[in-house]
Amino acid sequence: MAGVSGHFPILIVVVPLVGAALTPLIGHWRRRLCMPWAALVMLFTFAMTAFLGVRLSLHGPIGYHLGSWEPPFGIEIYFDYVAALTFVIALFGFLVIIFSKRYVEKELEEAKISTYYTLILLILAGMIGFVVTGDMFNLFVFLEIISLSGYALIAIGGEKLTAMAAFKYLLVGAISSLCVLLGVAFLYSITGTLNMRDISHMLTLTDATRVASVALALFIVGFAVKAAMFPLHIWLPDAHALAPSPVSALLSGLVVKTGIVGMIRVLFNVYRINGPLNYGPVLNIMAWLAGITIILGAFFAFFQNDIKMMFAYSTISNIGYIVMGLSLASYFGIVGGLIHVFNHALIKTTLFLCAGAIIYKTGYRKLADLQGIGKKMPITMGAIVIAAVSIVGIPPTAGFICKWFIILGAIEAGKPVLAGMLLLGSLFIVAYYVKIINAAFFREPVHEITEVDEAPASMLIPIVILAIGCLLMGVFAYAPLAFIRPAVTGFLR
Amino acid sequence: MRKFLIFLCLAICWVVFLSAVVEMPPFGDPANITNRHVVPRYLEEGVEEGGASNIVTGIILNYRGYDTMGEVTVIFTALAGVLAVLKREDVKTSTTMVATSPVGPSLIVTTVVKLLIPFIVLFAVYTILHGDVSPGGGFQGGAVFGASMIHYTLIFGLLTYMRKIRLAVKVPLESAAILSFAIAGFIGLFFGQKFLTFLMPALSHEAQYLLRHAMLLLIEVGIGVATGIIFGSIFASLEKVERI
Chain A
88 MAGVSGHFPI LIVVVPLVGA ALTPLIGHWR RRLCMPWAAL VMLFTFAMTA
138 FLGVRLSLHG PIGYHLGSWE PPFGIEIYFD YVAALTFVIA LFGFLVIIFS
188 KRYVEKELEE AKISTYYTLI LLILAGMIGF VVTGDMFNLF VFLEIISLSG
238 YALIAIGGEK LTAMAAFKYL LVGAISSLCV LLGVAFLYSI TGTLNMRDIS
288 HMLTLTDATR VASVALALFI VGFAVKAAMF PLHIWLPDAH ALAPSPVSAL
338 LSGLVVKTGI VGMIRVLFNV YRINGPLNYG PVLNIMAWLA GITIILGAFF
388 AFFQNDIKMM FAYSTISNIG YIVMGLSLAS YFGIVGGLIH VFNHALIKTT
438 LFLCAGAIIY KTGYRKLADL QGIGKKMPIT MGAIVIAAVS IVGIPPTAGF
488 ICKWFIILGA IEAGKPVLAG MLLLGSLFIV AYYVKIINAA FFREPVHEIT
538 EVDEAPASML IPIVILAIGC LLMGVFAYAP LAFIRPAVTG FLR
Chain B
18 MRKFLIFLCL AICWVVFLSA VVEMPPFGDP ANITNRHVVP RYLEEGVEEG
68 GASNIVTGII LNYRGYDTMG EVTVIFTALA GVLAVLKRED VKTSTTMVAT
118 SPVGPSLIVT TVVKLLIPFI VLFAVYTILH GDVSPGGGFQ GGAVFGASMI
168 HYTLIFGLLT YMRKIRLAVK VPLESAAILS FAIAGFIGLF FGQKFLTFLM
218 PALSHEAQYL LRHAMLLLIE VGIGVATGII FGSIFASLEK VERI
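The listed protein sequences derive, respectively, from chains A and B.
Using our numbering, the first residue of the first sequence is number 88, and each one after it goes up by one.
Using our numbering, the first residue of the second sequence is number 18, and each one after it goes up by one.
What the hints contain is simulated information worked out from the structure, not anything from laboratory work.
The beta carbon of each residue, even a glycine, is placed where N, CA and C say it ideally should be.
Each hint should be verified, as a subset may be incorrect.
Stated by the list, open to error - Now the stretches of chain A that chain B is said to cover, found in silico as 3 or more residues with beta-carbon under 8 Å:
1. 298 to 307
2. 352 to 362
Said to hold, decoys possible - Straight-line Cα separation of at most 30 Å, DSSO-like style, residue types lysine-lysine; simulated pairs:
3. K20/B <-> K255/A
4. K502/A <-> K193/A
5. K20/B <-> K193/A
6. K20/B <-> K109/B
7. K462/A <-> K193/A
8. K448/A <-> K104/B
9. K104/B <-> K187/B
10. K453/A <-> K502/A
11. K193/A <-> K109/B
12. K181/B <-> K193/A
13. K211/B <-> K247/A
14. K247/A <-> K104/B
15. K104/B <-> K255/A
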C-alpha cells in the first residue's frame, strides 16, 4: 500500500474518530487500557499530521475529495497552511492524555473513565476535522462535535457547580451554533454551494450583498461566542476554571482557537475581506471589541484568587490579542495574531496542566492557600514561571514576538489607540502573574503543605515538554512563520 | 427596563433579518442559484451515480456521506455526554420508579405492549431497509427502534430491559454507526479510491453495483441499530434511580 500517505488528510480525522468509537469497547473489556489506547491513537494521528506538515511546506496545500466527488458536488478536505494547526492539536492532545492518567484516576469515578477518554478523542477529532475541512456545512458538523463533547467534558466532574457552568456554556453555545448554521443557510441561498472556495467565487457574482452581510454577522457572532470575545465571553471563566484541569488545558489552549479558526475561514477564505467587495465596518468593530476584550479580561484576571479562574480570564484577554491582530487585516497584524494562536495554545496548556498538578497534589486552588508552594513543587512552579514570563511577552520568550507584531500591525493600520489598549492589557497581565509568582515563592506557607512533593512523572513529563516548548518558541520564534507567512500572503492576495 | 432592552435587541435583529430575507431569491424559482449550480447534477445523475433511487438518501450517504458520518458522531457524542453526566445504569446500583412502586402495571397494559412491540420493531426494520427507495432510512428507523425500547422499559421496568439487552451487546452496537461508516470508507481505500467512495472502477460493472449496494446497506443498518440502541441507553440512564 504505497499510496496510504495520500489519504492522510482524511485519516487524521477518521483515526481519532474510530479510536473514540472503540474506546467504550476497550473500556468495557479492560478499563485500564483506555488511556494507553487513547494515547496510541493520538500518537499515530500526530505522526500523520507531522508528515502532512512537512509535505505542506514542501509542496503546498493538499486537497482531498471525499467519495471521489469533485467539489462543489462532494465534500472537500483542504489541508492548507491554517490546517497546519492540526499538528499542534494532535501533539497537545497527546500530552494532555498522558497528563490525564493520574488526574482522572483520582478525580473521576471509575465508571466514567472510558467515557472521559472517548470524549477527549472526540473533541480532538472534532477540532482536527474542523480545521482541515474546506466545506461550510462540514465546518458546522465538526463545530457541533467539538461543542457537545466540550459541554460533557466540563460537567464530567459531577459537582453541582460544574454542571451549572456546563449548562451556561450549553445555552450560549447552542445559540452560537445556530447562528453559524443560519449563516451557512443564508450563504447557500445566494451561492447555491457549500464548498468554501466555490462560495468565495460565487460571492463575487451575486448581487445579494445584504444577505451576505447578514450571514457574515451571524458567523462572526457564532464564532465570537466560541472564541469568548467580549461581550460574549460570560460563559468562559466558569467553564474553563471548573472543568477538570486537563480538560481546561484543552478548552483554553485549543477549543477556543476553533472559534478563531472559524473566523479566519469566514473572513479570509470565504469572504476575502480584503477583496473588492465591501462589507462595511466589520473589521473595525471587531478590532475595537478585541481591544475591550484585552483590557477587561486582564482586569478581571487581576482580581481573582483562584489560579484557574485567573488563567481563564487571561485566556479571554489573549483571545482579544488574536482577534485584534486578525481584524487589523494588515500583514503584521494577521501574522502576529496567527503566531499568537499557536503560542497561546502552548502557554495556556502549560499553565492549566501546572494548575492541575498543583490541585492534584495539594487539593487547594486559591492563591492564598498556595503560598510557598514554589519550594515544594519547584518543577511545576518553574514551568508556571516560564509560561507566565512567556505570556507577558518579555523579549526572549514566546509571547514577545506576537505582541510585537500585533503592535506593529496596529501602527501599520493607522490605529495607535489599539496598540495602546494592547499595552495597557499587557500591564495588567504583568501585575497578576507577579502576584502568582510572589505568592508561590516569596510568602510563607499558611497550610501544612510540608508533606507535599513534586507531581508524579506522568504529569511532569508533559509539563516539562511544554515548558521547554515555551522557551524554544522564544528562541525559534520565526519557526511557525514557515506556515504563517504563505497563509497570510494567501489572505491578502 | 430589562424587558425593554430585550425587546429592543430583538426588534433590531428582526429588522436586520427581514432586510436580508427581502433580498433573498424567491422560494422555488427555477432561476435561483440554488437550483442552477449544484443541485441539477444531483437530480439528473443522482440515481445513477448516487446509488439510491431516493435522491435524498443518495445525497446524505454518498455525495455528502462525510457530513452524515459527522452527524452519527454527534449522536454518539450525545450519548457519551449523557453518560459523562449521569453514568450508565448498573444492575448492582440502579433501580427504577416502576420497580419500586407497590402497584405494578396491569395485565392489560403488559399484554398490549407485548403484542405491540414486535410490530414497532418490524416497522423500524422496514423503515431502515426501505430508506433507499422511499423517504426513511437509518435515522428514522433507528428512532422508531429506540422508541420501542423506551416503550418496553417504561412498562416492564429498567431491570428487565437491562437483562434483555446486556452491556456486552449494547456497548459495541452504540459504536456501530461510526464503525460501519469507517468500514465502508476503508473499502474505498482498499481499492485505491478516496475515502467513502462507493463505485470501484477496478471491479466489473456488476460487482461495482453490488458492492455499492452492500456498502449503502451496511451504513443504513449501522445507523439504524446504533441510533436505536443509543436512544435506549440515553433513556435508561435518565430513567435510573440510584439505589441508596
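So if I understand the rule, the pair passes when the alpha-carbon distance is 30 Å or less; does K462/A with K193/A pass?
Given that 30 Å is the threshold and the Cα spacing comes to 24 Å, the pair holds.
Quick one: see if chain B covers the stretch 298 to 307 of chain A, three-plus residues with Cβ-Cβ under 8 Å.
That given contact holds, which follows from 5 residues of the stretch 298 to 307 of chain A lying within Cβ reach (below 8 Å) of chain B.
Restraint status (C-alpha distance of K502/A to K193/A at most 30 Å)
Given pair K502/A, K193/A is violated - Cα atoms ~50 Å apart, limit 30 Å.
For the pair supplied as a hint, K193/A and K109/B, is the alpha-carbon distance within the 30 Å limit?
Judged against 30 Å, a Cα distance of about 23 Å means the pair holds.
Straight-line alpha-carbon gap K211/B to K247/A, limit 30 Å
Violated, at roughly 47 Å.
Pair hint K20/B and K255/A, alpha-carbon separation not exceeding 30 Å:
Holds: K20/B and K255/A sit about 21 Å apart, inside 30 Å.
Distance restraint between K104/B and K187/B, which requires alpha-carbon spacing of 30 Å or less:
holds (15 Å)
For a C-alpha distance cap of 30 Å, please report whether K104/B and K255/A respect it.
Within the cut-off at roughly 21 Å; holds.
Regarding the pair K181/B and K193/A, is the alpha-carbon distance no greater than 30 Å?
violated (34 Å)
For a C-alpha distance cap of 30 Å, please report whether K247/A and K104/B respect it.
Between K247/A and K104/B the Cα gap is close to 15 Å, so the pair holds against 30 Å.
Holds or violated: K453/A with K502/A, Cα cutoff 30 Å?
violated (39 Å)
Need the status of pair K448/A, K104/B: alpha-carbon distance at most 30 Å?
Satisfied, since the Cα-Cα distance of roughly 27 Å is no more than 30 Å.
Consistency with the previously given hints fails for numbers 2, 4, 5, 6, 10, 12 and 13, ordered from lowest to highest.
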